[in-house]
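Using the sequences plus the hints, can you model the full thing?
Going down the list, the protein sequences come from chains A and B. First residue of the first sequence? That's 36 in this note's numbering, and the numbers climb one at a time after it. First residue of the second sequence? That's 9 in this note's numbering, and the numbers climb one at a time after it.
Treat the hints with caution; some may be incorrect.
So these bits of chain A aren't anywhere near chain B, every CB distance computed over 10 Å [to be verified]: (1) M36; (2) L71; (3) D86; (4) L128; (5) E225; (6) S248; (7) K322.
Straight-line Cα separation of at most 16 Å, EDC-like style, residue types lysine to aspartate or glutamate; simulated pairs [to be verified]: (8) A:K193 <-> B:D96; (9) B:K10 <-> B:D96; (10) B:K73 <-> B:D54; (11) A:K51 <-> B:E129; (12) A:K102 <-> A:D73; (13) A:K173 <-> A:D302.
If you anchor each label on the Cβ, the simulated ranges turn out as follows [what the hints assert, rightly or not]: (14) A:E70 <-> B:G94: 34 to 40 Å; (15) A:V172 <-> B:K73: 57 to 63 Å; (16) A:R211 <-> B:R90: 58 to 64 Å.
Read the hints as simulated data drawn from the structure, not as lab findings. Heads up, the beta-carbon is just placed ideally off N, CA and C, and yes, glycines get one too.
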Amino acid sequence: MRYSYFPGCTLYTKAKKLDDAGRECSLKLGFELDELPDWTCCGATFPLVNDQHMLMSGPTRILADTKDRGDDKLVALCSVCYNVLKRTNHVMLNDEERRAKITDFIERDYHGEVEVLHYLQVLRDEIGFDALKEKVVKPLEGLKVACYYGCLLLRPVKEIGLDRMENPTIFEDFIRALGAEPVDFPFKIECCGAFQTVNSMATATRCSREILSNAVQNGADLVITTCPLCQFNLDDRQPEILKEDPAFTTIPVFYFTQLLAVALGLDSGNLGFERNFINPLELLQEKGLV
Amino acid sequence: MKTIISGDQIKSDFINRVSEISGENFFNCYQCGNCSAGCPSVDEMDLLPSQVVRYLQLGLAEEVKNCKSMWVCAACTMCHARCPKGVDISKIMEALRVLRLREVNAQPRVDLTDFSQDYLERAPQIAIISGCRKFLPL
Numbered sequence: 036m037r038y039s040y041f042p043g044c045t046l047y048t049k050a051k052k053l054d055d056a057g058r059e060c061s062l063k064l065g066f067e068l069d070e071l072p073d074w075t076c077c078g079a080t081f082p083l084v085n086d087q088h089m090l091m092s093g094p095t096r097i098l099a100d101t102k103d104r105g106d107d108k109l110v111a112l113c114s115v116c117y118n119v120l121k122r123t124n125h126v127m128l129n130d131e132e133r134r135a136k137i138t139d140f141i142e143r144d145y146h147g148e149v150e151v152l153h154y155l156q157v158l159r160d161e162i163g164f165d166a167l168k169e170k171v172v173k174p175l176e177g178l179k180v181a182c183y184y185g186c187l188l189l190r191p192v193k194e195i196g197l198d199r200m201e202n203p204t205i206f207e208d209f210i211r212a213l214g215a216e217p218v219d220f221p222f223k224i225e226c227c228g229a230f231q232t233v234n235s236m237a238t239a240t241r242c243s244r245e246i247l248s249n250a251v252q253n254g255a256d257l258v259i260t261t262c263p264l265c266q267f268n269l270d271d272r273q274p275e276i277l278k279e280d281p282a283f284t285t286i287p288v289f290y291f292t293q294l295l296a297v298a299l300g301l302d303s304g305n306l307g308f309e310r311n312f313i314n315p316l317e318l319l320q321e322k323g324l325v
Numbered sequence: 009m010k011t012i013i014s015g016d017q018i019k020s021d022f023i024n025r026v027s028e029i030s031g032e033n034f035f036n037c038y039q040c041g042n043c044s045a046g047c048p049s050v051d052e053m054d055l056l057p058s059q060v061v062r063y064l065q066l067g068l069a070e071e072v073k074n075c076k077s078m079w080v081c082a083a084c085t086m087c088h089a090r091c092p093k094g095v096d097i098s099k100i101m102e103a104l105r106v107l108r109l110r111e112v113n114a115q116p117r118v119d120l121t122d123f124s125q126d127y128l129e130r131a132p133q134i135a136i137i138s139g140c141r142k143f144l145p146l
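Below is the structure:
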């Protein structure tokens, strides 16, 4: 199986580990992520007011490029890119007036023909979690994982439709396929503060603290995420949280593809764990997984 | 404090414009408060999300224009997900932000020179780009 793939800006630099592990694992699982040529930034924000069409020109061009190379599916790994592309496509499909304005402006013929998929969705719907389980060479036994969804992977549910809003299970099902144990984690759909990290950092610190404390209270060894912004907030805010509360228990936060790579027996040296503030290698070594 | 409510202020240009570009009808809200209960940013807000909608229903444009809440909303859309009437407050907050940022003398809400080089090297592009898009004059 071959899919058009949109990595996005952050996966080329700050979240290289999410991208590297995702690509390596796809080959091991029998699907190819064929990077879209000449892609641009998706814009990293979906415009929430209906008179800001310009912000949709970038993502629409990306979708039209996918269509023009003959593909009807586009895979994203980053939750932000996934959300922006998916919501833009929803407009292209359902709002004739806005679609006409945007496609006329960028001079492209596009009517929402491309289906935007998240990598997790490919694993669930196209590969299947049972087939994934069979490919696992190093089951992550004894590892307790808090599966953190955040906002953009799920909401708004009518436009994204990946899973239920209040109690999604795709991430937990994925973790079970790898042999690890998902913990009960009520804060899994709460916001990490997102872009407020550059404006109201206190919001990002407090939100991260609540999410991480909830994961620790429920016995998690680590938190996994699909989003570079969530990973950054949850990992990078921990020194600040420790300053506010020395009794706070730190916890490693890393990408789901990194854990997938460990379970598939890929070389952990390529996983780039050293860039995390709370280095997960120690934990994985302790559990005998790397 | 005395609050004056009039038909004129409910139909004011600013209130109409917020409704128009957000695409939301404030009068769908019956003030159950689910949005405020689930909002991650309420600790930093001066008006709760449900209060912002109430003020808009009453046409209190100045109070809403000057509230801090719009600037600390993280657009996580939890308010919308839990609203029994389907009101999307993230769109209303965005409408308030962009109307402020489109004013002639609008000031930037973030200044990247305030951040250390070290922070900018650690922060992912999506944080910087989305932050700039939400907080710089348009």
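Against the structure, the hints come out as follows:
1. M36: holds, 28 Å
2. L71: Given a closest Cβ separation of 18 Å, the condition holds.
3. D86: The assertion about D86 of chain A is violated, with a minimum of 5 Å to chain B.
4. L128: Holds, since 17 Å exceeds 10 Å.
5. E225: It is violated; E225 of chain A is separated from chain B by about 6 Å at its closest Cβ, not greater than 10 Å.
6. S248: About 14 Å separates S248 of chain A from the closest Cβ of chain B, which puts it past 10 Å; holds.
7. K322: Non-interface label on K322 of chain A holds, nearest chain B Cβ at 27 Å vs cutoff 10 Å.
8. A:K193 <-> B:D96: Satisfied, since the Cα-Cα distance of roughly 12 Å is no more than 16 Å.
9. B:K10 <-> B:D96: violated, 30 Å
10. B:K73 <-> B:D54: Cα-Cα ~12 Å, so holds.
11. A:K51 <-> B:E129: Within the cut-off at roughly 14 Å; holds.
12. A:K102 <-> A:D73: holds, 14 Å
13. A:K173 <-> A:D302: Given that 16 Å is the threshold and the Cα spacing comes to 12 Å, the pair holds.
14. A:E70 <-> B:G94: 34 to 40 Å: About 38 Å separates the Cβ atoms of E70 of chain A and G94 of chain B, which means 34 to 40 Å holds.
15. A:V172 <-> B:K73: 57 to 63 Å: holds, 59 Å
16. A:R211 <-> B:R90: 58 to 64 Å: violated, 28 Å
Of the numbered hints given earlier, the model fails hints 3, 5, 9 and 16; all others are met.
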